[in-house]
Amino acid sequence: MTTPDDDAGLEGLDDLDRLLDHRVRLAVTVLLSRHRQMSFRRLKDLLGETDGSLGAHLRKLEDAGYVAADKKFEERKPITWYALTREGRKAVRQHVRGLKDLLGDA
Amino acid sequence: MSEIERLESDLTFVRGVVSRSAPPGPALIYWFWAIVCAIGFSLPDFAPQRMATFWMIVGPAGWLLSMFLGYRHAKRVGQLDAREGARHLAHWGVMLVTIGLAALLVRQGHVPGEVMGPLAILIVAFSYVLAGLHLDKFLLLPGGLMFVGYGVLLFVDDFSWTIVGALVAIGLACAGIAAGRTVDDA
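First to last, the protein sequences are chains A and B. Counting in the working numbering, the first sequence runs from 100 upward without gaps. Counting in the working numbering, the second sequence runs from -19 upward without gaps.
By construction, these hints were calculated from the structure, which means they are not laboratory data. All C-beta atoms, glycine included, are put in the ideal place defined by N, C-alpha and C. It is possible that part of the hints are untrue.
Stated by the list, open to error - In silico DSS-like links for lysine-lysine, alpha-carbon gap of 30 Å or less:
(1) B:55 to A:189
(2) A:189 to A:159
(3) B:117 to A:170
To be verified - Some chain A residues well away from chain B (every beta-carbon gap over 12 Å; in silico):
(4) 122
(5) 135
(6) 149
(7) 150
(8) 151
(9) 154
(10) 173
(11) 174
(12) 182
(13) 184
(14) 185
(15) 186
(16) 192
(17) 193
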C-alpha cells in the first residue's frame, strides 16, 4: 500500500502520460518505437498477454491515436500489423523522459 | 509497493521485453553461407581457375538472397524493422565493396596475386566479428574461426583453403543450429 511518505517528492508523476502508465501499453509503444511494424501475434508472444487483454490495450492506444493498425491477409491468414504514429512516438519519448527525471530524482 | 517501486518494476519489465525482441536471422541464411563457404574456399585447392568467377557471382547473389530471406523471416516472425535491415545490408555491402577495393591492389600490381586470398579472409573475418558484436551474436564463432583460418593459410601448406572452408562451414552451421533453436524457443 502506498503511503504519503513513499511518494514524497514525486510531483513529476502528474507529468506522466496516464495512458502509458501501464506496463503493457508502455512496452507496446517502446517496442514499436524500436521496430517499425509488429504483428499482434508477435506482441502477444513477447508480452505474454492473452488475446483479449492485449487487444484491449491496443484499442486504447489506437483510440488515443498513438498506434495505427493495418489488417492484411498473408498466405490466406489475417494478420494485424501495428505501428507507432508520429503522435505516439512523441508521447512515448516524453513519457520515458519524464520517467527518467522522476526516477533520477527519487 | 510504492509508486517508485512500481515504476521501476514496470521499467524492468519493459527492458526484459525489449531485450527479447531482437530475434536472430533465419537459420537458412547461416546454412546457405556454410555450404557456399565450404565449396568456395576449397576451390583454390581443387579448381583455382573457377574461384574468381564463383565468388564474383555467388558473393553479390548471396547477399541479395540473404536480404530476401531476412525480409521473409521478419514477416513470418511478425516484426518488420527497416532500420535493422538497412544496417545489415550496409554492413555486408561495405564488406563486399572493401574486398573489391582490395582486389584493385592486385589488379594495379601493387601487391602479388597470392596476397588477395588471405587478405579477403582477413576482411571477412573482421566483418563477421564486428557483426557478431553489433548485429547478431551468432556470427562471433564463424568470425573467430575465420581468424583461425587466416593462421592456417599462413602456416599450413597442403589443403589450407579446404581446411579454412571446413572451419568456416562448421562455425556457420553451429550458428544456424543456435539460431534455429532460438527462433523455435521464441
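(message) So residue 173 of chain A supposedly isn't at the interface. Is its beta-carbon more than 12 Å from every beta-carbon in chain B?
(response) Contrary to the label, residue 173 of chain A does not stay out of reach of chain B, its closest Cβ about 7 Å off (not over 12 Å).
(request) Decide, holds or violated, for the assertion that all CB atoms of chain B are farther than 12 Å from the CB of residue 193 of chain A. (result) holds (15 Å)
(message) Just to be careful, I want the Cα atoms of residue 55 of chain B and residue 189 of chain A compared with a cutoff of 30 Å; is the pair within it?
(response) Measuring from Cα to Cα gives roughly 26 Å; hence the hint holds.
(request) Could you check that no beta carbon of chain B comes within 12 Å of the beta carbon of residue 149 of chain A? (result) holds (16 Å)
(request) Take the C-alpha atoms of residue 189 of chain A and residue 159 of chain A, compute the straight-line distance between them, and say whether it is at most 30 Å. (result) Cα-Cα ~17 Å, so holds.
(request) Determine whether the non-interface label on residue 186 of chain A survives the test: each CB of chain B must be over 12 Å from its CB. (result) Residue 186 of chain A is indeed farther than 12 Å from all Cβ atoms of chain B, at 20 Å.
(message) Confirm or reject: residue 182 of chain A is not an interface residue toward chain B, with every Cβ-Cβ distance exceeding 12 Å.
(response) Nearest chain B Cβ is 9 Å from residue 182 of chain A, so the label is violated.
(message) Using Cβ atoms and 12 Å as the threshold, tell me whether residue 154 of chain A really stays out of contact range of chain B.
(response) Holds, since 15 Å exceeds 12 Å.
(message) Confirm or reject: residue 151 of chain A is not an interface residue toward chain B, with every Cβ-Cβ distance exceeding 12 Å.
(response) Residue 151 of chain A is indeed farther than 12 Å from all Cβ atoms of chain B, at 19 Å.
(request) Against chain B, does residue 184 of chain A hold up as non-interface, every C-beta pair farther apart than 12 Å? (result) Residue 184 of chain A is indeed farther than 12 Å from all Cβ atoms of chain B, at 16 Å.
(message) The output says residue 135 of chain A does not contact chain B. Does that hold with a beta carbon cutoff of 12 Å?
(response) Since the minimum Cβ distance to chain B is about 5 Å, residue 135 of chain A lies within 12 Å and the statement is violated.
(request) Against chain B, does residue 150 of chain A hold up as non-interface, every C-beta pair farther apart than 12 Å? (result) Holds: least Cβ distance 14 Å, greater than 12 Å.
The earlier numbered hints that this structure contradicts are 3, 4, 5, 10, 11, 12.
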